[in-house]
Amino acid sequence: MEILILALPLIASIISGFFGRLIGDRNSEIFTSLLVSISAIFSAFILYEVIINQYQENIVIATWINSGSLNVNWSMKIDSLSAVMLVVVTSVSSLVHIYSIGYMSHDPHKPRFMAYLSLFTFAMLMLVTSDNFIQLFFGWEGVGLCSYFLIGFWFKKDTANSAAIKAFIVNRVGDFGFALGIFLIFYLFGTVNYSEVFDKIPTILEKDLIFLGIKIGAIDLICLLLFIGAMGKSAQIFLHTWLPDAMEGPTPVSALIHAATMVTAGVFLVVRCSPIYEYSELALNIITIVGMSTAFFAATVALVQTDIKKIIAYSTCSQLGYMFFATGVGAYNVAMFHLFTHAFFKALLFLGSGSVIHAFKDEQDINKMGGVWKKLPYTYTLMIIGTLALTGFPFLSGFYSKDAIIEFAYLRGNTVGYYAAGIGVLTAFLTSIYSWRLIFKTFHGNYNNKEINIEETHESPLVMLIPLIFLSVGAIFAGFTFKEIFIGHGGTNYFWQDSIFFLKPLSTEHPPIWFLFLTPTLVILSIPVAYYLFLKNKDLTDRIVKVNKPLHEFLKNKWYFDELYDEIFVKPSKKFGLFLWKFFDLKVIDGLGPDGISSIIKKFSIKANKFQSGFIYQYAFVMLLGFSALLTFLIVK
Amino acid sequence: MNFPILSSLILLPSIGALFLFFTKSNKENNFSVKYVALFTSLVNFLLSIYLWILFDQTTSEFQFVEERVWIENFINYKVGVDGISILFILLTTFITPLCIISVNNSIKNRLSEFLIAVLIMETFMIGVFCSLDLVVFYLFFEAGLIPMFLIIGIWGGTRRVYSAFKFFLYTLLGSVLMLVAIISIYWITGTTDVVQLYELGIDTKYQNLLWLAFFSSFAVKTPMWPVHTWLPDAHVEAPTAGSVLLAAILLKMAGYGFIRFSIGLFPIASEIFTPLIYVLSLIAIIFTSFIALMQEDMKKLIAYSSVAHMGFVTLGIFTIQQQGIEGSIIQMISHGLVAAALFLCVGVVYDRMHSRLIDTYGGIVSIIPKYSVLFMVFTLSALGLPGTSGFVGEFLILMAAFKDNFLVAVIASLGVIIGAAYMLWLYKRVIFGKLINTDLKKMLDLNKSEMVILTSLTVPTLFFGFYPEPLINTIEVSIRDLIEAYNIKIASKI
Chain Y
9 MEILILALPL IASIISGFFG RLIGDRNSEI FTSLLVSISA IFSAFILYEV IINQYQENIV
69 IATWINSGSL NVNWSMKIDS LSAVMLVVVT SVSSLVHIYS IGYMSHDPHK PRFMAYLSLF
129 TFAMLMLVTS DNFIQLFFGW EGVGLCSYFL IGFWFKKDTA NSAAIKAFIV NRVGDFGFAL
189 GIFLIFYLFG TVNYSEVFDK IPTILEKDLI FLGIKIGAID LICLLLFIGA MGKSAQIFLH
249 TWLPDAMEGP TPVSALIHAA TMVTAGVFLV VRCSPIYEYS ELALNIITIV GMSTAFFAAT
309 VALVQTDIKK IIAYSTCSQL GYMFFATGVG AYNVAMFHLF THAFFKALLF LGSGSVIHAF
369 KDEQDINKMG GVWKKLPYTY TLMIIGTLAL TGFPFLSGFY SKDAIIEFAY LRGNTVGYYA
429 AGIGVLTAFL TSIYSWRLIF KTFHGNYNNK EINIEETHES PLVMLIPLIF LSVGAIFAGF
489 TFKEIFIGHG GTNYFWQDSI FFLKPLSTEH PPIWFLFLTP TLVILSIPVA YYLFLKNKDL
549 TDRIVKVNKP LHEFLKNKWY FDELYDEIFV KPSKKFGLFL WKFFDLKVID GLGPDGISSI
609 IKKFSIKANK FQSGFIYQYA FVMLLGFSAL LTFLIVK
Chain R
175 MNFPILSSLI LLPSIGALFL FFTKSNKENN FSVKYVALFT SLVNFLLSIY LWILFDQTTS
235 EFQFVEERVW IENFINYKVG VDGISILFIL LTTFITPLCI ISVNNSIKNR LSEFLIAVLI
295 METFMIGVFC SLDLVVFYLF FEAGLIPMFL IIGIWGGTRR VYSAFKFFLY TLLGSVLMLV
355 AIISIYWITG TTDVVQLYEL GIDTKYQNLL WLAFFSSFAV KTPMWPVHTW LPDAHVEAPT
415 AGSVLLAAIL LKMAGYGFIR FSIGLFPIAS EIFTPLIYVL SLIAIIFTSF IALMQEDMKK
475 LIAYSSVAHM GFVTLGIFTI QQQGIEGSII QMISHGLVAA ALFLCVGVVY DRMHSRLIDT
535 YGGIVSIIPK YSVLFMVFTL SALGLPGTSG FVGEFLILMA AFKDNFLVAV IASLGVIIGA
595 AYMLWLYKRV IFGKLINTDL KKMLDLNKSE MVILTSLTVP TLFFGFYPEP LINTIEVSIR
655 DLIEAYNIKI ASKI
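Chains as they are written, first to last, in our numbering: chain Y, 9 to 645; chain R, 175 to 668.
Derived from the structure by calculation, the hints contain no laboratory data. Where a beta carbon is used, it is the ideal one built from N, C-alpha and C, also for glycine. Among the clues, some could well be false.
Straight line, CA to CA, 25 Å or less: simulated SDA-like cross-link-like pairs of lysine to any residue [claimed, not checked]: (1) K164(Y) <-> R603(R); (2) K318(Y) <-> I460(Y); (3) K602(R) <-> G25(Y); (4) K382(Y) <-> E286(Y); (5) K208(R) <-> L313(R); (6) K582(Y) <-> G537(R); (7) K595(Y) <-> K667(R); (8) K208(Y) <-> F197(Y); (9) K608(R) <-> E463(Y); (10) K164(Y) <-> S113(Y); (11) K583(Y) <-> Y360(R); (12) K590(Y) <-> K667(R); (13) K582(Y) <-> N283(R); (14) K595(Y) <-> D367(R); (15) K164(Y) <-> D533(R); (16) K165(Y) <-> M617(R); (17) K579(Y) <-> G536(R); (18) K208(R) <-> I320(R); (19) K667(R) <-> F342(R); (20) K615(R) <-> K583(Y).
Reference listing, derived: stretches of chain Y covered by chain R, where coverage requires no fewer than 3 residues with Cβ under 8 Å from a Cβ of chain R [claimed, not checked]: (21) 63-73; (22) 138-147; (23) 175-182; (24) 192-201; (25) 571-584; (26) 587-596.
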């Protein structure tokens, strides 16, 4: 059964991809959705087994690379951590499959789309169930590839293609660090198997390495290199630029890949490697700082964006930041908890926004929406649920996971921890503001679209709404239901077993009462504030924008990251390439080498030609000259 | 073993060529001419598969050895294979029939002569990979130039003569030094038999010079930076089948030579010159990747990417570690398949539109979907995506390099990023986007023979990506013993 979980999406993908035309659009849609759903049911069963019976298994499927001391298998590791990921991936994936039947109904390439979705699911499952770093890397690149395919799915749009390539290349930059991390692990331990590596970690605690001239602890270096990979995949600040652009892809893709599953792979990596990270104070602090910077940065950018999907994309970026700083403060289980709840409410928000976009016939600018909440009652309600869950409104799922992160940051008790907690609270407030801004601008106020009559906007079909309802159930209850299991204090039925390692057990204390109430209060307060700013008194907002024009521009242009990268990486690379080619290869090497030599020889032979003029007197003269020179030489000698 | 299987492998293509030579070629019998050539090369392929089956993977001894006196007390015709050579023989016999099938559209005149050149080439290449005598090796090695020179010079594009001569002079210049080195080895040791030389070893004081002489030849053929500039020109002008042979097989002779001779015969010098190889390999990887990024001609782009990929190969070989050398061999096999396929892909669109410029294309995915899918597979393998053969080689090489020197691995890994950039950008500009050039609408998707060729390259690319064991098992013991002998020689300063 375990292997079926992996195999079904792959089979679905192959059938739909290669025989899609043969079996027809509708059949391939049903077929892929069905297989992935079966996989989801099996996964749920596995998670149940893990919770109840502490089920664990490591299945070896086949050998992959076996070179010298390097042994890598295709394998499937089932433990608490991978079981959670299995459920997240397959359940969201199956819902997105079903949703896509409705969303893509006007697209001519349905089988191809379904094939990509299923292939993605397969790659993601390979990633989370791996028992070694190289299969992890396989899944890692595999999901990146599917993301590339799906972002560029509308291949006629130039922006979509560029976004797809950007996503792949930026991820490659992260993978560069990740791969070096794997090399380093192999160099130090001679193996890439998780359990073997984790067992050997205590043997290198004191080891220092000289890396590129810098002296650094071996464990710190491993952690930092792996984290670079995680940063790329999870769109953390500096390597985040691909995620907003990735919204060029169809909306179901954004929900599945760029919200619920693939982008959380980085968090998963750090949690999976908790036995390494726990020994590196340095890396954990850096992760905390990067995480909270991302959370804050993305939230500020989300405040001023006007594209509905980009707002949610930045929101994802920001929430991923939360997950990272949770791992950074050592609360891996809390990070996983947030990952789990986030998957539901963020997928819900994305699919909901897809429903809105669908209603507006592919319009994504929230300035061109508004006033349609009565026309789209279901979508509206579901979006509200998603927003409440995201902002951490009391007793919805985000409330349990996000507040727990902030609490644990506070309990960490060091400067970085307090700082992270502060930023966490602030960001939670910002999150709430921009989320409600989105709701108010999209559904309330005046109807602002000039191209489509308000009567033409329509609610989405049932096939799109049902997945949303499932997700909203998750968004409401996932936090409350799974709280004890994920972040409870354990006892004999401790859920995580040895899949997460804590050097020193997490603090079981509670932060002061005022701190516990701080975030929920701000979140609740933010609703009237947003209502006032974006609905009631828009002039005030416009005035604020006008007064702070430079700041607004700065945020609107996403802190100018893209422009900066273009100037320091893209353009110089092209110039450098041209220089090497036109100047170095063609002028220097060829000029001095083959072409140069041949032209010298040519010149020389033309000179030599002149000697053979055919006039006897010239020959005689040269002979005479030579003879006399020889004679002189002999005499002098 | 009574049946001289290796000599048969070497001679069979020539016999086919001889047969073609005496067949009158005209328009009507082009068809049968092609089938004679195809039949010959396929028989050879089956024979090499048979060889692989018979091959004993548990020993690094040379197998199927044949020895005949050629010149008394001087040169023996001696051939044999070990795990390292057998894969290259397989690559050669696998690629040649595909080349022959591919001539359909690209070669319009003198078909029979072209096929003769291809078959003769196969003879020489197999000869290179199984000769166990330096002189015999040298003869095959150099002779391989001639058919290639003719293929570029006669069936090439507009600047074919310039390219052919550039190719010939470059490679010959390096080889002359190797000839001198081989002669001096004979004077020093009294033999040119590789097996004996392995045992005897060569005096340390001569090793550096000899190594450099061999290096000069191999570096040009690899090609390593800065003697790579003949490759883009040769590829651009060569007909598709020529490019395929050049990229898939000819370039591999040098990598093979490095492993067999530079490391095997001159361990001390190899140790000394490893930094040189590292530096040149890194420059090749980084510089040519940047250059590839800016190419406007598809064939040139792939040619430059070949230089970068071969940079990985030389890097891996001189790590002198199990993973490094195994990675290099897998990388060579993989590059043989993938570069061949990419050149064939360019050939496919060239046959239809007569342009190699990237600008000409764009937006053809819905017009030729089958082609687009297969092209994607090879693009992904070229950029080293896990699950393709390209990944296994590259990853093993980098892993080994990392053990040796952090900085080298870091720089080489940067090449992987740029590699992804230029390949994906190429793919995007050719396949995706809006259809602007309306002439492209008339393009036909892959025909049967193109489909056969490209799928037969896809299968091993993916298969060895997921399951490289058959390759690794074949070379494992040979490489292990090679490294062991190397380390012993280093320790005892021979």
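Hints, one by one, checked against the model:
1. At roughly 11 Å between alpha-carbon atoms, K164(Y) and R603(R) fall within 25 Å of each other, so this suggested pair holds.
2. For the proposed pair K318(Y) and I460(Y), the alpha carbon gap of about 22 Å is at most 25 Å, so the pair holds.
3. Between K602(R) and G25(Y) the CA atoms are separated by roughly 20 Å; this keeps the pair inside 25 Å, and the hint holds.
4. In summary, the hint linking K382(Y) to E286(Y) is not supported, as the alpha carbons are separated by about 51 Å, beyond the 25 Å threshold.
5. Of the pairs offered as hints, the one joining K208(R) and L313(R) is violated, with about 28 Å between alpha carbons and a cut-off of 25 Å exceeded.
6. Between K582(Y) and G537(R) the alpha-carbon distance is near 24 Å, which keeps this suggested pair within the 25 Å criterion.
7. For the proposed pair K595(Y) and K667(R), the alpha carbon gap of about 43 Å is over 25 Å, so the pair is violated.
8. Taken as a hint, the K208(Y) and F197(Y) pair is honoured in the structure, with Cα atoms around 7 Å apart against an allowance of 25 Å.
9. Straight-line distance between C-alpha atoms of K608(R) and E463(Y) comes to about 34 Å, which puts the hinted pair past the 25 Å bound.
10. A C-alpha spacing of about 18 Å is found between K164(Y) and S113(Y), which places the hinted pair at or below 25 Å, so the restraint holds.
11. For the suggested pair K583(Y) and Y360(R), the alpha carbons sit about 50 Å apart, so the restraint of at most 25 Å is broken.
12. For a cut-off of 25 Å, the pair hint linking K590(Y) to K667(R) is broken: about 45 Å separates their Cα positions.
13. A hinted pair counts as satisfied when its Cα atoms are at most 25 Å apart, and K582(Y) with N283(R) does not qualify at roughly 40 Å.
14. Pair hint K595(Y) plus D367(R) does not hold up; C-alpha atoms about 43 Å apart against a cutoff of 25 Å.
15. Note on K164(Y) and D533(R): the hinted pairing holds, with a Cα-Cα distance of about 16 Å set against a maximum of 25 Å.
16. Distance hint between K165(Y) and M617(R) is fulfilled; the C-alpha atoms sit about 21 Å from each other, no more than 25 Å.
17. Restraint check for K579(Y) and G536(R): satisfied, since their Cα atoms lie roughly 23 Å apart, inside the 25 Å limit.
18. This hinted pair checks out: K208(R) and I320(R) have alpha carbons roughly 21 Å apart, not beyond 25 Å.
19. A hinted pair counts as satisfied when its Cα atoms are at most 25 Å apart, and K667(R) with F342(R) does not qualify at roughly 37 Å.
20. Taken as a hint, the K615(R) and K583(Y) pair is broken in the structure, with Cα atoms around 34 Å apart against an allowance of 25 Å.
21. Chain R is given as covering the region 63-73 of chain Y, and this holds because 4 residues of the stretch bring a CB closer than 8 Å to a CB of that chain, at least three being needed.
22. Requiring three or more residues with a Cβ within less than 8 Å of a Cβ of chain R, the coverage given for the region 138-147 of chain Y holds, as 3 such residues are present.
23. For a cut-off of 8 Å, the count of residues in the region 175-182 of chain Y with a CB near a CB of chain R stands at 4, and the three-residue condition holds.
24. Taking a C-beta to C-beta cut-off of 8 Å, the region 192-201 of chain Y contributes 3 residues in contact with chain R, enough for the three needed, and the coverage statement holds.
25. Here the region 571-584 of chain Y counts 3 residues with a CB under 8 Å from a CB of chain R, which clears the bar of 3, and the coverage holds.
26. Against chain R, the region 587-596 of chain Y contributes 5 residues with a C-beta closer than 8 Å to a partner C-beta. That satisfies the three-residue criterion, and the hint holds.
The structure shown violates the earlier hints numbered 4, 5, 7, 9, 11, 12, 13, 14, 19 and 20.
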